[in-house]
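Letter by letter, the chains look like this.
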Amino acid sequence: MLTSIKRIIRLGWASFSRDGGAITTTVFILVLTISLVTCIFFLKGISQILISNLEEKVDISVYFKEDTTEQEILSVKQELCQVSDEENIEYISKEQALEIFVERHKEDLVLMASLEEIAINPFLASLNIRASDPVKYEEIADFLEGAVFEASVEKIDYNQRRPVIERIFSLTDSFKKIGIGISVLLVLLSFLVVLNTTRLAIYNLKQEVEVQKLVGASNWFIRGPFLVQGVIAGTIAALISFVIFGLGCLVFSSNINALFSDLNIWQYFTNNVLTIILIQLVTGIGLGVSSSIIAIRKYLKV
Amino acid sequence: MIRFENITKIYPPNTVALKDVSFEVKEKEFICLVGKSGAGKTTLLKILLAREEPTKGKVFFEGQNVHEIKPNELPELRKRIGSVFQDYKLLSSKTTYENVAYIMEVLGRSDEEISRDVPKVLEIVGLTERANHFPAQLSAGEHQRAAIARALIHRPDVILADEPTGNLDPYNTSDIIRLLLKINELGTTIILSTHNKEIINSLGKRVISLEEGRVIRDEPKGRFIL
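So the sequences go chain by chain: A and B.
Add 74 to a position in the first sequence, counting from 1, and you land on the number used in the numbering used here.
Add 73 to a position in the second sequence, counting from 1, and you land on the number used in the numbering used here.
Certain hints may be false.
Stated by the list, open to error - No farther apart than 30 Å at their CA atoms in a straight line, the calculated lysine-lysine pairs in the DSS-like style are these:
id, chain 1, residue 1, chain 2, residue 2
1, B, K162, A, K287
2, A, K375, B, K143
3, B, K129, A, K372
4, A, K80, B, K109
5, B, K92, A, K375
6, B, K193, A, K287
7, B, K101, A, K287
8, A, K287, B, K294
9, B, K152, A, K280
10, A, K287, B, K109
11, A, K375, B, K162
12, A, K375, B, K129
13, A, K375, B, K131
14, B, K152, A, K375
15, B, K162, A, K80
Just so you know, the hints here were simulated from the structure itself, not pulled from any lab data.
Model the full assembly from the supplied sequences, consistent with the hints where possible.
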């Protein structure tokens, strides 16, 4: 049994290495398909990272009118603590706001000069609220927009970040839909290419198959090598895709990191290396084997 | 051992290849099937190997109707029948040794059995010196001897030789026939299909003559009369 399996694998490899051109096309199209499926996985993971980072960054800043006293602001803070159960509420006085601004922009001489020119502190006192759960922001914003605080609240800075999150959601959703669409097309294409390669291999080995049949080789001994060929093509394509993605993540990680400071795709790759190789192997071998089986059933009469 | 019972084979639309062919082959017998090209000799052998279905009639191999054998059990029947063809059907990418060893590999024999049996069979057919030659480096006679070695290697009960001397000169022809006789003497049943008059007349074996798909003569020590 073991000897037969060894021989089936050897014959499969021989057939695989003999079909040069057709095999190169097969592996290439499989690499494309596997890469696209992997891209969808990356897109899902990366968008999740971006969104959760953005959500972490979401906070609400309530700016109070010029004439609101510190006492009044602190009592709003008190009320907010009770209403929302949030303890992470920071009071930033006018003076602190100025200090933060100066600290942040001290290099910008024009900005500093204009600040000196106006000679007053233009900043407003504020409360900065960071919720433990992003869902709570809506609730907190509604509470602050209520009539009770109308007299003292100048503006609430919350909604400005909401469109960014929604935009990421909608973009990743569109990418995902397009990706899935192209993947389906590529899967079909790969399927046809592998089918045709197996058909060609069956044709090339016509004489061997005939001899095998004549001497009474078992049906699986005749079919096995073509199936092995599909497995080999799928595995090689998966390994090539893995190397491409690994190198791509390593090389472009710093560039992407410069664009999105929270995103380290090399780290994402290493953290998910097992899932990625599994997705690639399952896609490659799955496509290779399923189309080989159909070709064998259709073109190899035993 | 083998019994053909009223075999008729009609290829669509209405080409009659065999018509009501019946005869029996006993164990260790040497049978010559003679007839012009298109008389139905090859079709008859294909039907025995279950590579073709008869339109009517039955073929029995040791009491079993070969066309009632399930597809997954057919390899067992074919293991018991060795085939030799006019066009040799040797694999051009393999040496003589590998061509013969390949059959044992296909049949799941161990590497030890292969290295023990292949040289023996090559010795029987006189190809020991040519073991490492590729088919392109062999003469026509050597091709056919290699094909016979391949048919012999799995120790079949019957050898079907379909026009094995069709491409050979008289010297190689008698060489191959001597080899088949030797194999027959060792206990293997031989069914030789040919239209070579000299061979038939010199053998003095049972001759079944086919004409237009019918058996017109079946003689125990026959001659070539068509």
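Unsatisfied constraints (hint numbers, rising): Structure breaks hints 4, 8.
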